[in-house]
Amino acid sequence: MVATSHDVMPDIELYQPTDEANALALANTLGADGWLLGGGQDTFGWLKDRNKSPAAMIELTQIDAWKGIKEIDDGIEIGAVTTLTEIANNPLVQSRYGLLATAASKVASPQIRNVGTLGGNLNQDARCWYYRRGLDCYRAGGNICYADSPEGLNREHALFGQSRCVAVSPSDTAPALVALDATMVVSSSSGQRTIAAQDYFLGPDRDIRNMTVLNEGEILTAVRIPSSFANAEFYFEKVADRNVWDFALVNVAAAIKVSGGVIEDVRLACGAVECVPRRLEAVEGAIRGQQRSEELASRAGELAVDGARALNYNNFKVPLMQNLVKRAIRG
Amino acid sequence: MNPKLTRRRFIKGVIASGAAVTTTTMWYVANGQDRPAGYVERLIRINVNGQVRNVDVAPQETLASTLRYKLGLTGTKLGCNRGECGACTVLVDGTATYACSVLTHSVKTGMIETVEGLESANGDLHPVQQAFVESLSPQCGYCTPGQVMAAVALLRTNPNPTREEARQGMSGNLCRCGSYDSYLDGVMRAAEIG
Amino acid sequence: MAYMHIGKDFVPPDVPGKVTGRIKYAEDYTRDGMVYARLLTSPIPHARVLDIDASAALAMDGVVGILTADDVYPDGEPQSTGLKILTNEPTLVGEPILALAAVDEKTAETALAAITVTFERLPFVIDPLDSLAEGGPDAYNGGNTFVFRQGFVQEKWTSDQVASFRAGNEPSAEAPTELSYGDLDASFSDAAFVYENTFTTAGYPHMSMEPRSALAYWEDGKLYLHGGSQSLTAFADGIAGIIGVAKEDLVFVNAATGGGFGQRARAGSVPVYGVPAKLSQKINRPVMMRVTREEEFTIGGARQGFQGWIKLGFRSDGTMAAADLWIVSDNGGKGGGGDAFSATNAISIVYQAEAVRLRGVSIGSNTAHRGAQRGPGENQIAAIVSPILDKAADELGIDRLEIRKVNTPQNGDVGGIQRQPFTSAYMPEALEQTAQLFDWEGRQSRRRQRNGSKITGLGIGQGYHNAGRSGMDGIVMMGADGRLKVHNGVGNLGTYSYASTSRAAAEVLKMPWESCDIVTGRTDLHLPITSPQDGSNSIFTNTRTFWGAAQDMLAKMKEIAASDLGGNADDYDVSNERVHQIVDESVGYSFAQVAQRAMELGGKYTGESELPEDLAEWTQIAVSRLAGSGFMGVYHDPAHSGNPPGFAVTAVEIELDVETGKVEVIDISSVADSGTIVHPQGMKNQLVGGAVWAIGLSVLERHLYDPQNGLPASTGFWQSKIPTYLDAPAKIETGWVDLPDPENPVGARGIGEPAMGSVSAAINAAISDALDGHIFNATPVTTDMIINHVAGISEEWVPLAQNNFRG
Amino acid sequence: MEDGGIVRYKRDVWGEEVILGVSWDLLWVVAVALLVLLAAHAIIMAALANKKMDKPSADGRRVMRHESIDRLFHWVMAISILVLIFTGVAPIIGLRIAWLDIHWISGLILTFVVLLHIVRSLFWQDFKSMILGPRDFGEPFDSANKPGKYSFEQKGMHWAVTVVAGAVIVTGVMMFMQIDSPFWERTNSMPEDTLGLVFLLHGLSTLALVALAATHIYFALRPEKIFYTRSMVSGWISEDEMTLNHDTSKWAPKEAD
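Chains as they are written, first to last, in the numbering used here: chain A, 314 to 644; chain B, 9 to 202; chain C, 31 to 837; chain D, 6 to 262.
This is chain A alone, in the form it adopts within the complex (with noise of 0.2 Å):
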């Protein structure tokens, strides 16, 4: 029963692989109870809490292959085990990507950024704390949402998109990628498959167990930012209750290209309002090609919340997210 608050690591048992071959080998003989470690920032509570009862960690930071920055023909591709820290003091990172530079440099607190992974922050499970708390709720696997409901907690729940889970994308990376337009590497002991970073997060409505598209034996390896974006003029903005250890009530990231006044090019994201990043494609094409002003600040966040519904206490994400949308553009 759930009677127990727990606060000790149970038994569970640790492969440090040190090559690609090994760790793919891996996770694919161990199939579901083999759990995927990177930084473990957000493994261990699952863990100590008895929640969720892997029979084997696989620790993928001892990878070197997954690590570190480097330039390709296209942009940069970043090691999925690289540290938020690093990333955020990257210079390469902060020259042109600024924005994921920010990105990074939000996420919970000094000591989780200095072993958290990238990959840990975007493949991170959802927040909902009624989730976290163990229940066999729709994400768990059972047949009921807590969060839901008139009576229910649901402050920090998604505006967007809700299929039975009303939980939202925790990430504060995740928005960044998808506005840098990156591009997700997936590797498997039968090979390596890309996927937009977009593409790569999965709403309740086609799977309500998982956040990514991830399937058993399969890890994310890199990330690789293209050039498109580079250099281009960059807006991160997360809302929290508090500024360090919280997570998003709303955040938002956004890449545009101006050239005289005018937006010739833009990506939009925002995080914890619906249980991917959303992407705003609808206020892209809106303003792409528009002068920068004021009024189209405006018109861009009244098009970004067209569509959202309000749980009963998260009614406040409506405008704030119309209006860290709006900074976005007014910049």
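The set of hints was computed from the structure by calculation and includes no laboratory data. Worth double-checking, as some hints may not be accurate.
Dumping the calculated EDC-like pairs for lysine to aspartate or glutamate here, alpha-carbon to alpha-carbon at most 16 Å [claimed, not checked]:
no., chain 1, residue 1, chain 2, residue 2
1, D, Lys60, D, Glu244
2, C, Lys761, B, Glu173
3, B, Lys78, B, Glu124
4, C, Lys421, C, Glu432
5, D, Lys151, D, Asp252
6, B, Lys78, C, Glu135
7, B, Lys78, B, Asp64
8, C, Lys761, B, Glu172
9, C, Lys54, B, Glu124
10, B, Lys78, C, Asp134
11, C, Lys435, C, Glu462
12, D, Lys160, D, Glu144
13, D, Lys255, D, Glu144
14, B, Lys78, C, Asp62
15, D, Lys259, D, Glu244
16, D, Lys154, D, Glu260
17, D, Lys154, D, Asp75
18, C, Lys38, B, Glu142
19, A, Lys380, A, Glu390
20, C, Lys252, C, Glu278
21, D, Lys154, D, Glu244
If you want the ones that stay clear, here's a sample from chain A, every Cβ over 10 Å from chain B, calculated [as the list claims (entries may be wrong)]:
no., residue
22, Lys380
23, Gly381
24, Lys383
25, Glu384
26, Gln407
27, Ser462
28, Pro463
29, Ser501
30, Arg506
31, Ile508
32, Asp512
33, Val526
34, Glu577
35, Gln603
36, Gly620
37, Gly644
Here are some chain B residues the structure puts well away from chain A; computed CB gaps all over 12 Å [said to hold, decoys possible]:
no., residue
38, Gly58
39, Val63
40, Glu127
Please read these numbers as outputs of a predicted model, since none were measured by experiment. The C-beta atom is built at its ideal place from N, Cα and C for all residues, glycine as well.
Place chains B, C and D on chain A using the hints.
Just chains B, C and D now, kept in the frame of chain A:
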């Protein structure tokens, strides 16, 4: 039959019976294979405060557990055991890290520094400790070891921080007494006397 | 007056241990054969345990034993609210049902999962108003409130009365508690401006950094208990009774405590220490009980939330004519708390209202138990009243600092429901000094200035708490080495008052601090009783006792010297660790010599006879064990007269972003009126700590319980929104009036609690200021509330909702 | 969550064990069982095939078996049931599609069509022809005893589907009321143990429906029965087919135009 379903159910059964450890072992035995490379051995040597210690560490053991309960280094405090307070902050290769949220096996090759390792051989306090005493930075003191270690890490990378830089650098440490102002006084003083 | 020690900084003896990690908190101890206990707690907000089947768990390898409520209370549980050691009638999720001991924690947790507890589910309630409504569920078995000497009582309103209250009207129900003075109607009729509205303040947890883990073992009939507390001897005195061990057979070890904030002052709020004590007695092994952060939340206590109605009347000159309050206090699942009374007293005292009335009732909810939390009552209400005061000022065309000056308490005034005189009051000086420190006048130009989406708000606030007690005991000892040993029963929770009050003794004997030792940290060092270290009282209370004990020793020194060396006692004085003739300093004894002589003389000089009357039982035990072992000064402190107030005044500047709803506190300037300053650094720590707590109360901290199932959501530091480095300003300016209080030998009064209330009052005033005077009538004022206000959105929350604050 | 053979259990919000739903492993059990049975049937029929059975001719005079409106009902039901089965099973077998909206919309269509069919069958159709009486049970064993409009097998299939579809629809509607829809905002008013029971019944009836649908399709495609399927498309069967399989004294259909 759908392999996903059957495997999950098999695993559930095993875990429910509280024998998670044997699960993967069983899997490999059942498949007539040896454990794959990368499986950790429990007996390890770790370098804590410059001393190499032999210690028997369970695969899932956190560094905080090893330090407190295996090595008796109780200066490292557990305020939440969830990476939400920073009282357990230690240095791994100079990097401030929550000992409650990192596996000992993950850092076994690193140089681990705890609050017990800061004093010089002749017993003099580390400049940060000295400054914290002079500024009366601690109140209840429970978060202090973590604050000390965070400050040490900060000043190594940035020996002369502005108060704002110090504030940012220390921000991964919670103090319920609200002594932040006094800790920042301490960090600034440490930068002077350091 | 020039002091040797008072008003000077020093290094409290425990500080080095804190920066080196060497000082031990309860969980840092180990003991041979020690086993680990973990708690099985209630998953249900209100239930009755029908059956416990632990056979499977007890059969597991490494499991040593379990303890249930039936073991603890063989004759049945005490029928009252208040936490039990363990219970079969849980009234909140997370209340301890049983404890299991095993060779290690992991085994204990695994074994707990194998225990089957059969519950009978009972109706539960999260919002006290829902319980007040006729037919609403009651939090306790037998009622929704507990009345002293009456037991459980059912307090009910009609649904219409509840609905009308929620709708913003004055409650029309009969109040079980009514306190007042003055002619309310007459005073309101004199008022030029009257403000009336309902308000709500959120309850929230103490969340001390150190969870209440404890170690216990029994050795030759004595119980050794290692735990954290705010008080040392007062706590031990109480926990002995709860555990059921004779005072003389309890050794309470408590060198350091990881925070208390009101919740660890008295044993009644930490009965869970009885678990390792009883369990180790049962299984005859040392037991370490590890308490998790979540458990610290569920049994660690919380501030009372208010669902209230307030009406304030002001004369045209700005003076507060009358204050009328109706407050429903949230008593949580375990009762406790008198916040409403303290809140009303605070209004009467800080604003010197001519007529005041409180009508109130305390109603239970199946949530965390309530107990005193830093400025219980005074600080919630300070944040509610301050914006109203500003509204009055604006309506009456008075400056906002001025309206506080015309209402300020000062020397000679009385205050509170009992109209008690102050021992001294320097609030006018504090107001003036704050205005200077903050440059209140100079900053007025910034008021409501808009910079992009950010608006600057200015606020000024006042805080109060009764800050001193008396009637305690003091013991000082001196051995043949001539060193002064201050036997100190004050708790060590980080205020360092245990050390700073000890310096009063050194002051009396004009001794260098280096020649003094503080004897404390464990009760088998024979420590005198003192008041629980709550209510900001320690400085006042204990400087009196240590001063008195040292005076007793001083008198005895002079007697001995006079009888040995000639002359009268009053021909003698002390200096440089010698007692000597005033005319000829060469004639005298060193302290070492006089102590030696005292021990030769024995009797009253060594505590063997002529002890003060009315020494507490606890002190008598200490004295009897010390008797004959050295030169003793012992003292029982008589009662003081009047109310020694702790006052603080704070001015803040905030930036409120109307697009994000974020409030950033830019500047805080706090000034204390707490009499003579004994320990400047300690005083500064109380002011800055209070400021951070105030940020929590004003904009961040709240309880989250799901009304559907009574589960707590805010169980960790994260969801409790404890303020971080970056939620507080980089620098907080502090100052103090530093004028002596006549009722204290060194002129000192306390400050811990007012230091928070004044900042909360200022921040909430500044938020209203930034929003053109809009008053939320609530704490905290969170991001979403501000966004909704600016956007004109009304959420679908229940008005005055408690414990599910804004979802 | 634990699997207990047929039923899956979970913990309710207060940690008590309650029913979660059917164990979807049964889906594979049903699938395998069906394959075996139908394969067996096919083999036996093939074995009997050499024993000369005179196949009725589709030529000659045509009689009306299914009115166009009834055929429309049938095919709409058929399609919605197949869609429901597919969208319901997809997430269980790990297909990541947005199934829920399609599922409840098809469910509403099925419900609507079934209601219409019930009304029509009661007042406009020859209801008696579908009544399953005791005498019908002798029919399969007595070649002399020929059925009226519907054979014993057809009646049996119809009523089995009626019962199972009824259960699926009732539980389905109850589940529909537990999610957000254009018509209402969801609540958690239904107790978790009741909810689990509803899920269990929906799951069990789904499994039965899968079995029935598969059987129905199998027989509809059997060569000796294919003319019935044709009649569900075109409406008519030949007089030859009628006289060989039906007792015209019990069923006198009108001429097909």
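### Structure-inconsistent hints, enumerated in ascending order
none
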